[in-house]
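Starting from the known structure of chain A, fit chain B onto it as the hints suggest.
Same order as they appear, the protein sequences are chains A and B.
Heads up: the first sequence begins at 59 in our numbering, then just goes up one per residue.
Heads up: the second sequence begins at -15 in our numbering, then just goes up one per residue.
No lab work stands behind these hints, which were simulated from the structure alone.
Warning: the hint list may mix true and false statements.
What the hints assert, rightly or not - With a cut-off of at most 30 Å between alpha-carbon atoms, the simulated BS3-like pairs for lysine-lysine come out as follows:
no. : chain 1 : residue 1 : chain 2 : residue 2
1   : B       : Lys126    : A       : Lys169
2   : A       : Lys240    : A       : Lys83
3   : B       : Lys61     : B       : Lys29
4   : A       : Lys239    : A       : Lys108
5   : B       : Lys111    : A       : Lys169
6   : B       : Lys111    : B       : Lys29
7   : B       : Lys103    : A       : Lys169
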Amino acid sequence: MEIDQLKDIVTEADRAEGETIEAFKRRSLEPYPDPDEWLENNVITTNIDKLLNWARRSTIFPVVCFPACCAFEYIASNASRFDLSRFGMEIIRASPRQADLMITAGTLTWKLAPAVRRIYDQMAEPRWVIAMGACGISGGIFRSSYNVVPGYNRVVPVDVYVPGCPPRPEALIYGINLLQKKIARMHTKIEIPRPPMPGRMAAGK
Amino acid sequence: MTVTLSGNDLARTIGARLPQAVVEANDRWVLVRRESIAQFANFLKNTPELSFDYLNYVTAVDYHDYFELVYQFTALKDNRQVVVKTRCPRNDATVPSITPVYRGADLQEREVFDLMGIKFEGHPNLKRIFLWEGFQGYPLRKDYL
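Pulled out of the complex, with its shape left as it was, chain A reads as follows (with noise of 0.2 Å):
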């Protein structure tokens, strides 16, 4: 196609969406400044421990490990009459890698264990675990059974028990309030990385 033609389908439209354009270039030279006074607002004095425990328990993520009925009861809340996502912690991630915590909502057996195992040694850590139901807390109604582990803090650390069969959503979303207080009083150990000094031993190592 020729250049000449070109011009010819350049509409009066295109030409003025381009004079906008380049006028609304010349206008943002300059980006728009911020106000001095954020500063006294946005400078906030805290110690490492609150603002990683204020970040951890407002964003706590569970790993899917459903798997029996109380499953259901953890639908319900995170649905829309309970609706668990009011405390930060709403979407239930497929990957472990990308969660914090995990409600152990059903029956385990044996032959599944190494499974479960296996999710929460995937999970990054710090992780939690909240034992959900009576099954998960001890096996429930099936802990004499011949394949059901007779509670997750067999196989897992559990850090909450919430009773039921099954807990009702508010037990639930109670459980995982006290999971929040129980990881605002964490403390956390920071270790800054040294490069090792020419000529001397690390010590302790």
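Same frame as chain A, now just chain B:
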């Protein structure tokens, strides 16, 4: 609605072809000698006037003195069903497999083998299905634990 074929009628039909296969029959089920069960199943499936082409289930019951295996077959063409049973003693829990006749029996016979400890002779792949290798005992037996 599926009509139950009387066990007496079935026993009469089959008794002419497989004498001594049927031990007992009533209007609800047929009890077959365990040596004849595979032959019996083959007969149920491949006789044109019966043509029980669908196996509903294979399951086993522990009656303390003996195990009883229960099979239910359905003829989809005639919408009829029949229940066939066979028994094996507790100290010799072995029954011929009907998997070569009905492929649908494969997993269910493995389940019975796994949980009830009954061996199916002639099964192509008789290994555990629910429990893991190394599990001791047969959990659905009455004397377990």
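These are the hints, each one checked on the structure:
1. Lys126(B) with Lys169(A): 23 Å, holds
2. Lys240(A) with Lys83(A): Since the Cα atoms of Lys240(A) and Lys83(A) sit roughly 52 Å apart, the hinted pair is violated (cutoff 30 Å).
3. Lys61(B) with Lys29(B): Between Lys61(B) and Lys29(B) the Cα gap is close to 12 Å, so the pair holds against 30 Å.
4. Lys239(A) with Lys108(A): The given pair, whose Cα atoms are some 12 Å apart, holds under the 30 Å limit.
5. Lys111(B) with Lys169(A): OK: Lys111(B) and Lys169(A) at ~16 Å, within 30 Å.
6. Lys111(B) with Lys29(B): With a Cα-Cα distance of about 26 Å, the restraint between Lys111(B) and Lys29(B) holds, given a limit of 30 Å.
7. Lys103(B) with Lys169(A): Measuring from Cα to Cα gives roughly 23 Å; hence the hint holds.
Figure legend: structure checked against the earlier numbered hints; the only hint not met is number 2.
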